[in-house]
Amino acid sequence: MPITKQKSHKRKMVHTILLIQPTVRPDSRTWSDYESTTDCLEGICKIYEEFLKKQNPSMASITYDVSHLYEFIDKLSDLSCLILNTETCQYVPHNKDWIKEKIFVMLRTQARND
30 MPITKQKSHK RKMVHTILLI QPTVRPDSRT WSDYESTTDC LEGICKIYEE FLKKQNPSMA
90 SITYDVSHLY EFIDKLSDLS CLILNTETCQ YVPHNKDWIK EKIFVMLRTQ ARND
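Numbering-wise (the working numbering), the sequence shown opens with residue 30 and increments by one.
No lab work stands behind these hints: they were computed from the structure.
Positions of the beta carbon are idealized from the N, C-alpha and C atoms, including for glycine.
Be a bit skeptical, because a hint or two may be false.
Restraint-style ranges between C-beta atoms, simulated for each label pair [to be verified]:
(1) Thr117 <-> Ala89: 13 to 23 Å
(2) Glu116 <-> Pro51: 32 to 42 Å
(3) Leu105 <-> Asp68: 14 to 24 Å
(4) Arg141 <-> Lys41: 13 to 23 Å
(5) Asp103 <-> Arg137: 13 to 23 Å
(6) Gln84 <-> Asn142: 23 to 33 Å
With the sequences and hints as input, model every part of the structure.
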């Protein structure tokens with residue numbers, strides 16, 4: 030009897046570094062690291078949510094459309110992810126467009142699971 034491999038629904042743990050430069054000033058550069066790419070994408074959403082809370086301190090809850098998140102990302106001077114390739118032990122860079130695509134997929138998956 031053949032053995033079939035079942036898909037794992039566990040989060041793939043791949044070290045990811047998030048590089049952010051909110052303004053053109055070089056001293057605005059910062060970075061964060063995450064245990065998984067999904068954690069990094071969720072971190073970007075949380076950064077945007079914190080931005081919205083600062084803009085609207087009197088609002089009890091914050092809701093937003095993904096298009097507004099994309100606008101926020103596009104307004105950042107730079108945003109990129111470095112994701113560890115476990116086979117080569119090198120980090121692979123990904124740009125804003127890749128990040129927006131992956132955030133869309135993540136949010137769509139979360140919406141389907143709710």
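Structure-based check of all given hints:
1. Distance hint check: the CB atoms of Thr117 and Ala89 are about 47 Å apart, inconsistent with the given range 13 to 23 Å.
2. The supplied range of 32 to 42 Å is met by Glu116 and Pro51, whose beta-carbon atoms lie about 33 Å from each other.
3. A beta carbon spacing of about 19 Å between Leu105 and Asp68 agrees with the range 14 to 24 Å that was offered as a hint.
4. At roughly 19 Å, the beta carbons of Arg141 and Lys41 sit within the given window of 13 to 23 Å.
5. Checking the proposed 13 to 23 Å range against Asp103 and Arg137 shows it holds: the Cβ atoms sit about 20 Å from each other.
6. Range check, Gln84 to Asn142: Cβ separation about 29 Å, and the 23 to 33 Å hint holds.
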